[in-house]
Amino acid sequence: GAGVSQSPSNKVTEKGKDVELRCDPISGHTALYWYRQSLGQGLEFLIYFQGNSAPDKSGLPSDRFSAERTGGSVSTLTIQRTQQEDSAVYLCASSLTGANTEAFFGQGTRLTVV
Amino acid sequence: QKEVEQNSGPLSVPEGAIASLNCTYSDRGSQSFFWYRQYSGKSPELIMSIYSNGDKEDGRFTAQLNKASQYVSLLIRDSQPSDSATYLCAVTKAAGNKLTFGGGTRVLVKP
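Line order of the protein sequences matches chains X and R. Mapping to my numbering: the first sequence position 6 is 6, numbers consecutive. Mapping to my numbering: the second sequence position 58 is 58, numbers consecutive.
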């Protein structure tokens with residue numbers, strides 16, 4: 001596609017439920033990043049994919065968070081047993097190769113846990 | 001010490017003036033440097049990338065990189081009210097390709 005696409009744009013879920021957030025990167029981009037941004041805060045790194053592998057998942061805050069990428073394209077971030085502190089905007093970015101290439105962001109998914 | 005540091009601001013600039021934003025980073029082997037602009041409620045938008053020491057100009061924007069001092073800056077000339085946003089500095093470290101962001105500098109351009 002023309003840009004990074006994320007879905008849904010907004011998600012309201014009840015505490016304790018599982019949610020899946022989807023990221024469709026720019027066609028041909030091999031690197032994919034997930035970040036989280038809480039209200040008024042900076043970008044918190046979650047995980048980085050190169051192809052289908054995740055060489056850096058150091059930012060995942062707990063084992064409730066997982067992510068996968070299939071076919072070197074679409075990525076899904078799953079949050080199990082959501083908590084109120086998981087409420088944030090989840091941002092996905094992709095870049096051509098990762099190394100020294102520009103990354104472009106999707107519009108984000110605003111997750112609200114009630 | 002944070003990996004990428006920015007003054008949070010706000011940096012208040014009169015319309016038409018030059019806004020100067022600074023960013024320092026801790027990993028001396030960092031290779032790639034980026035500036036993003038983020039409007040309130042929107043996702044970050046890439047405005048500049050710089051990979052080698054010196055200046056790089058794109059329209060009203062100039063990025064400056066000094067690897068010896070571990071310092072990257074962004075100048076916005078002829079600042080406009082539409083430039084009011086948070087500006088994020090991002091760095092790719094030497095080991096791996098994780099893109100690490102600073103906390104951002106909020107810029108307010110006053111008419």
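No lab work stands behind these hints, which were simulated from the structure alone. By construction, the Cβ of each residue, glycine as well, lies at the ideal position given by its N, Cα and C atoms. Any given hint could turn out to be false.
[Claimed, not checked] No more than 30 Å apart at the CA atoms, straight line, and that leaves these computed lysine-lysine pairs for DSSO-like:
1) 93/R / 17/X
2) 56/R / 93/R
3) 42/R / 57/X
4) 11/X / 56/R
5) 57/X / 110/R
[What the hints assert, rightly or not] Which residues of chain R face chain X? A few of them, derived with a C-beta cut under 8 Å, are:
6) 39
7) 46
8) 52
9) 88
10) 92
Satisfaction of the residue 92/R interface hint, Cβ to chain X closer than 8 Å = holds, 6 Å
Run the distance test for residue 11/X versus residue 56/R: straight-line Cα separation, threshold 30 Å. With a Cα-Cα distance of about 40 Å, the restraint between residue 11/X and residue 56/R is violated, given a limit of 30 Å.
For the pair supplied as a hint, residue 93/R and residue 17/X, confirm whether the alpha-carbon distance does not exceed 30 Å. Since the Cα atoms of residue 93/R and residue 17/X sit roughly 36 Å apart, the hinted pair is violated (cutoff 30 Å).
Holds or violated: residue 56/R with residue 93/R, Cα cutoff 30 Å? holds, 20 Å
| request: Have a go at the residue 88/R hint: is there a Cβ in chain X nearer than 8 Å to its own Cβ? | output: Holds: closest Cβ of chain X sits about 7 Å from residue 88/R, inside 8 Å.
| query | Given the hinted pair residue 42/R and residue 57/X, is their alpha-carbon gap at most 30 Å? | reply | Roughly 25 Å separates the two Cα atoms, so the pair holds.
task = So, residue 39/R near chain X? Judge it on the closest CB pair being under 8 Å.
result = violated, 12 Å
query: Does the interface hint hold: is residue 52/R within less than 8 Å of chain X, judged Cβ to Cβ?
result: Since chain X brings no Cβ nearer than about 11 Å to residue 52/R, farther than 8 Å, the hint is violated.
_For the restraint on residue 46/R, tell me whether the closest CB of chain X is nearer than 8 Å._
Hint holds; residue 46/R Cβ to chain X Cβ min 6 Å, cut 8 Å.
Check the hint pairing residue 57/X with residue 110/R against an upper bound of 30 Å on the C-alpha distance. violated, 41 Å
The structure shown violates the earlier hints numbered 1, 4, 5, 6, 8.
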